[in-house]
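Colleague: Okay, so the sequence shown: first residue is 20 according to the numbering used here, each after it adds one.
Source of the hints: derived by calculation from the structure; they are not laboratory data.
Take these hints with a grain of salt, some might be off.
[Stated by the list, open to error] Here are the simulated DSS-like cross-link-like pairs (lysine-lysine), alpha carbons at most 27 Å apart as the crow flies:
#1 87 - 72
#2 87 - 60
#3 114 - 97
#4 127 - 74
#5 74 - 38
#6 127 - 114
#7 120 - 72
#8 60 - 38
#9 72 - 60
#10 97 - 127
#11 40 - 72
#12 72 - 84
#13 74 - 114
#14 38 - 72
#15 74 - 39
#16 69 - 39
#17 74 - 120
#18 87 - 117
#19 60 - 127
#20 117 - 97
#21 97 - 72
#22 39 - 60
#23 40 - 74
#24 120 - 69
#25 38 - 69
#26 117 - 69
#27 87 - 127
#28 74 - 117
#29 84 - 74
#30 127 - 69
#31 84 - 127
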Amino acid sequence: MRICTAFSYSMGENMINLKKKNIILLIILAIIVLTIGCMAKFIHDKNTEKAAKEKAAEVAIETMKREKNIDFVVTDVKIQHLELEGFIRVRGYDKNNKQKKNYVVVNKIQNYEVAYSGEE
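Using the sequences and the hints given, assemble the complete structure.
Modeller: Here it is in structure tokens:
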């Protein structure tokens with residue numbers, strides 16, 4: 020009888036150790052999956068932001084050429100936040116007159132439509 024109880028106790032202890040190892044492995048796996056997911060989201064957001072800036076700059080150049088007959092050179096593109104969420108401000112100057120600085124505000128939500136523009 021003593022051999023059976025010692026064996027049972029040993030089996031129970033092994034089961035507990037096995038459960039602990041499984042829990043630790045699951046935690047490590049969850050951390051790895053979350054890390055990969057966060058990295059993928061960060062890379063995707065950066066690529067999306069870059070594409071939005073490029074599209075807004077393209078729209079600004081076309082608009083300045085069409086409406087004011089200016090060869091617009093882009094110097095800065097900034098995605099607005101808080102109360103101006105969804106707008107992208109594109110700054111630049113006239114290629115023929117570097118002193119003449121302009122800006123164009125593009126509404127990203129409205130399919131990159133120009134909201135307004137002006138001189139600085």
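Colleague: It remains to establish, for every hint, whether it holds in the given structure.
Modeller: Status of each hint after checking the structure:
| no. | hint | result |
| --- | --- | --- |
| 1 | 87 - 72 | holds, 22 Å |
| 2 | 87 - 60 | violated, 39 Å |
| 3 | 114 - 97 | holds, 20 Å |
| 4 | 127 - 74 | holds, 9 Å |
| 5 | 74 - 38 | violated, 53 Å |
| 6 | 127 - 114 | holds, 25 Å |
| 7 | 120 - 72 | holds, 19 Å |
| 8 | 60 - 38 | violated, 33 Å |
| 9 | 72 - 60 | holds, 18 Å |
| 10 | 97 - 127 | holds, 12 Å |
| 11 | 40 - 72 | violated, 48 Å |
| 12 | 72 - 84 | holds, 18 Å |
| 13 | 74 - 114 | holds, 20 Å |
| 14 | 38 - 72 | violated, 51 Å |
| 15 | 74 - 39 | violated, 53 Å |
| 16 | 69 - 39 | violated, 45 Å |
| 17 | 74 - 120 | holds, 20 Å |
| 18 | 87 - 117 | holds, 15 Å |
| 19 | 60 - 127 | holds, 20 Å |
| 20 | 117 - 97 | holds, 20 Å |
| 21 | 97 - 72 | holds, 7 Å |
| 22 | 39 - 60 | violated, 32 Å |
| 23 | 40 - 74 | violated, 51 Å |
| 24 | 120 - 69 | holds, 23 Å |
| 25 | 38 - 69 | violated, 47 Å |
| 26 | 117 - 69 | holds, 26 Å |
| 27 | 87 - 127 | holds, 22 Å |
| 28 | 74 - 117 | holds, 23 Å |
| 29 | 84 - 74 | holds, 16 Å |
| 30 | 127 - 69 | holds, 13 Å |
| 31 | 84 - 127 | holds, 20 Å |
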